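Chemist: Listed below, chain by chain, are the residues.
2 protein chains.
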Amino acid sequence: MRKRIPEATIRRLTHYLRCIEFIKETGAEILQSRDLATFCSISDSLVRRDLSYFGEFGTKGVGYSISELEKHIKKILGIDRTKKVGLAGVGNIGRALLNFPLLKNGFSIEAAFDIRDELIGKKINGVMVYHENDMIKVFKEKQLEMGIIAVPQQAALDVANKMIEGGAKGLLSFALIQCPLKKKVPLRYIEIAAELEILSYEIEKEE
Amino acid sequence: MRKRIPEATIRRLTHYLRCIEFIKETGAEILQSRDLATFCSISDSLVRRDLSYFGEFGTKGVGYSISELEKHIKKILGIDRTKKVGLAGVGNIGRALLNFPLLKNGFSIEAAFDIRDELIGKKINGVMVYHENDMIKVFKEKQLEMGIIAVPQQAALDVANKMIEGGAKGLLSFALIQCPLKKKVPLRYIEIAAELEILSYEIEKEE
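Order-wise, the sequence lines are chains F and V.
Quick note on the numbering used here: the first sequence kicks off at 1 and runs consecutively.
Quick note on the numbering used here: the second sequence kicks off at 1 and runs consecutively.
Any given hint could turn out to be false.
A pair counts as met if it fits within one copy or between any two copies, since identical chains are not told apart.
Think about it this way: if two alpha-carbon atoms lie no more than 35 Å apart in a straight line, the pair counts; the simulated DSBU-like pairs of lysine-lysine are [what the hints assert, rightly or not]: (1) K84 x K169; (2) K24 x K142; (3) K24 x K169; (4) K184 x K74; (5) K182 x K205; (6) K74 x K183; (7) K24 x K140.
These are calculated hints, taken from the structure and not from any lab test.
Keep in mind it's a predicted model, so treat the numbers as computed, not measured.
Start from the sequences, fold in the hints, and give me the full structure.
Modeler: Structure (structure tokens):
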């Protein structure tokens with residue numbers, strides 16, 4: 001196990017990656033910590049502190065090689081090699097994810113799952129849809145490392161446990177999972193309804 | 001301005017709403033704090049503490065009236081009346097949101113915006129798509145209170161500033177917004193790529 005790094009730093013690393021993707025399109029090869037700072041609306045010194053967590057890898061007065069920095073950050077995040085992902089639920093969100101270009105940035109959806117007969121055996125954006133009953137088998141066969149859960153809430157716990165049984169080492173869920181999982185693995189949420197509701201609360205609070 | 005409530009409590013209120021939606025389908029009319037606790041995998045006393053922030057509104061030994069609790073939580077979150085939302089970007093994520101049933105739970109997308117000619121003037125799931133050039137005008141005319149930003153990153157700052165100029169009081173963005181906004185309003189993010197990257201980091205860290 002590696003040393004503990006604050007989640008806020010890790011999140012900023014993902015923002016630095018967004019900045020790098022952005023700057024790369026201009027053809028630049030070098031960037032300064034202040035470029036990252038401006039992009040992320042944070043201080044220069046915070047950027048330098050974040051990057052120093054991972055050893056010295058810029059040249060004072062010259063800056064960072066963009067390709068080196070990108071390689072380094074991707075290594076820290078564990079996406080220097082592509083991670084294989086299984087996606088449960090091919091509804092609106094699931095389909096959006098199958099078309100999401102950023103997923104290609106280190107992640108590859110290798111199989112999708114649903115329970116609707118008319119979808120099983122079809123390919124969506126090149127990805128085969130299997131029945132959720134075959135999830136454990138397909139996860140094992142294809143050695144899928146991560147699961148994305150985009151099924152209705154009542155199915156989320158069952159799907160999560162199947163993914164774990166199939167060998168998933170981490171889960172990202174769009175649905176709230178009730179009750180603890182069979183086995184504890186890293187689990188993150190994207191809660192669209194909750195974010196809207198919290199935003200609504202924050203708006204009311206300001207008034 | 002109301003008293004300050006921790007964001008973690010507000011987030012749990014949104015989870016209690018998910019639980020209520022779930023339990024309502026069974027036809028139940030009363031629930032206990034331990035039902036919420038089990039659903040959210042947290043302690044009974046934490047649930048009671050959260051709810052006590054907002055005054056006494058359960059009956060000891062009897063529990064909470066589900067409809068009362070729902071009404072109460074929705075009032076706190078400011079969704080006891082429907083909030084009007086404008087959506088910028090009708091790509092994969094934007095289309096998923098236009099089909100997202102939870103948005104009807106207190107939020108109504110009243111207008112969508114894009115820059116692609118072939119989409120302008122069309123209705124998607126009953127919602128008219130306008131050109132982004134008309135965003136300020138449409139936000140004002142329709143009195144849209146919230147903006148959802150689902151455009152590519154390079155367009156996000158411009159779109160956010162237009163929404164604010166049109167009167168939006170809060171923004172939810174799927175794209176990272178560089179540089180500060182013209183005017184400070186509550187701004188929340190849903191960062192799908194970042195969540196995947198952080199999950200990847202967490203998986204690596206475990207190994």
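Chemist: It remains to establish, for every hint, whether it holds in the given structure.
Modeler: Here is what the structure says about each hint:
1. K84 x K169: within (11 Å within a copy, 40 Å between copies)
2. K24 x K142: within (33 Å within a copy, 39 Å between copies)
3. K24 x K169: both (32 Å within a copy, 34 Å between copies)
4. K184 x K74: both (25 Å within a copy, 32 Å between copies)
5. K182 x K205: between (39 Å within a copy, 20 Å between copies)
6. K74 x K183: both (27 Å within a copy, 34 Å between copies)
7. K24 x K140: neither (37 Å within a copy, 37 Å between copies)
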